[in-house]
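Colleague: Residue numbers (our numbering), protein chains in the order written: chain A, 1 to 286; chain B, 1 to 286.
Calculated directly from the structure, the hints in this document are not laboratory data. All values derive from a computational prediction rather than experimental measurement. Don't take every hint at face value.
If chains are identical, the list can't say which one is meant, so a pair holds when it fits in one copy or spans any two.
Below, in silico cross-link-like pairs of lysine to any residue (SDA-like), each with a Cα-Cα straight-line distance of 25 Å or less [what the hints assert, rightly or not]: (1) K214 x E55; (2) K152 x P162; (3) K214 x E150; (4) K105 x Q172; (5) K214 x R182; (6) K250 x R99; (7) K152 x L187; (8) K214 x L139; (9) K152 x N230.
Protein chains: 2
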Amino acid sequence: VGECRETGDLTEDLATNAASPESIRHSIRNGEWRRGTGEIGAGFVQANLVALPAEMALAFLTFCWRNSRACPLLDVTDVGSSRPLLAAPSADLRTDLPRYRVYEKGRIVAEPESVVQQWSESHVGFLLGCSFTFEAALLEAGIRLRHIEEGKVVSMFLTNWPCRPSPPFGGQLVVSMRPIPRDKVRLAHEISARFPFAHGAPVHVGNPEQLGIKDLSRPDYGDPVSVRPNEEPVFWACGVTGQLAAAQVKSGVVIGHYPGHMFITDWPSRALTSHRLPADWERLGG
Amino acid sequence: VGECRETGDLTEDLATNAASPESIRHSIRNGEWRRGTGEIGAGFVQANLVALPAEMALAFLTFCWRNSRACPLLDVTDVGSSRPLLAAPSADLRTDLPRYRVYEKGRIVAEPESVVQQWSESHVGFLLGCSFTFEAALLEAGIRLRHIEEGKVVSMFLTNWPCRPSPPFGGQLVVSMRPIPRDKVRLAHEISARFPFAHGAPVHVGNPEQLGIKDLSRPDYGDPVSVRPNEEPVFWACGVTGQLAAAQVKSGVVIGHYPGHMFITDWPSRALTSHRLPADWERLGG
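Isolated chain A, as found in the complex (with noise of 0.2 Å):
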């Protein structure tokens, strides 16, 4: 994607999937494009974004690892670098989402477009893996989704299911939801379930209850969407459990993705299915 371009067909190349992940992410780091990322990119991996100081990387990796149904690991960096050695050798974690959060003491403190100037030397970046890939499959599959559908964010709920704690990291798992026609269920599930690094199969089928959801009218975070006569409401761990327990911290800086806005991997999605772990994508060394 030459600068000469105009932004028009810049975005029609990005909309139609007719550009790479690198090209993509050179256009978000130039701020060509800052809108989320749910419109480009398809066929890629994407990933929630989280950073925070060194003295609590260890702890939250360890959270990560215990809880890797809502927070899949997919890359970390060295202390102080913000390139993904695995899953994007040439990208910059500090420019190549089109938005971020800034968390201190547990606020949002600035939603810049960069942050170069928040990524000090102690900082770690985690990339965890993000629904948009089995929400792909789902798609290609057949499977409508409401919220796809409805132009609207998917419904979010804070369970009272404890996250297996890794001090100070804890907290509850927080679900997306879709309604699913009660005749696809077991098809969501088998796809879904192929993707285990981008929260693999549902955690729960049918009762809300069961998660200690009591209206699913009003989700925590996102849109409501109606689960009609038809459908069960299908629950699926979500990457905003880990930017919750991130986002607590009660010292340093905290560095996440703005919701939606995520960055693209060099993943094609089909490569990271079941057998393949993403550092098994390139050949070791030789």
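Guided by the hints, dock chain B onto chain A, whose structure is given.
Modeller: Relative to the frame of chain A, chain B by itself:
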């Protein structure tokens, strides 16, 4: 397994797999089983142990993640804890392996039957997948393994493939080699690929020179085995990679398992196939 039982009965129970992982670990802890674990606990995932001081744990965890074929992470403890919360919450990693190796400044300084004295308040323990899991699956599928038939330790070689570094951890990939009849290579590949947490698919088939191996009859670790005219040498990433990387650390006490004397987890091997991450084994919270 009661303590009043005769050792003969106990050995029989262990060897015929009538024992639960918990009772096997109990026998090991009490000094009733001091040999290698290859003969016992079949059907349960076994693991390599590495424990090192907290200040190196983030870098080592990152090293494992970047080299997950060789060092597939199964569990990590809290700082100072020797309890593997996911893999076996009732176990103690300081006592539940039959034998250990203790390293200081890259040298073996002890090979004790317990590391209660060496495991400090700053130690973090890592459990990494082990080839026993896929070997059992290969045998079940009728693929014979020469080193087992001949009562030998599998041949292992230091390759010239560099690991992805996570300073101070680095070094080269170590592989294990098993001769497989040419018409079974594809099956062996497919079966082992189902166990990404036990090294997964082979990293190479056929040409030792591709890995920088000059002489198959002179392994760097383990015993030599012959490769017959109708067979291919098949190479898998090996857990010794992680032991070597950890042992070379210049400061602090590093603890590993004694070769072949592994940790036996609570996880049935069948549960740890492709779709399932270890952390999914038990339902989150609730």
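Colleague: So, for every hint listed, does it hold in this structure?
Modeller: Cross-check of the supplied hints:
no.: 1; hint: K214 x E55; verdict: neither (38 Å within a copy, 44 Å between copies)
no.: 2; hint: K152 x P162; verdict: neither (28 Å within a copy, 47 Å between copies)
no.: 3; hint: K214 x E150; verdict: within (23 Å within a copy, 62 Å between copies)
no.: 4; hint: K105 x Q172; verdict: within (19 Å within a copy, 42 Å between copies)
no.: 5; hint: K214 x R182; verdict: within (21 Å within a copy, 59 Å between copies)
no.: 6; hint: K250 x R99; verdict: within (23 Å within a copy, 42 Å between copies)
no.: 7; hint: K152 x L187; verdict: within (23 Å within a copy, 46 Å between copies)
no.: 8; hint: K214 x L139; verdict: neither (29 Å within a copy, 51 Å between copies)
no.: 9; hint: K152 x N230; verdict: within (21 Å within a copy, 60 Å between copies)
Hint compliance for this structure: hints 1, 2, 8 are broken, all remaining hints hold.
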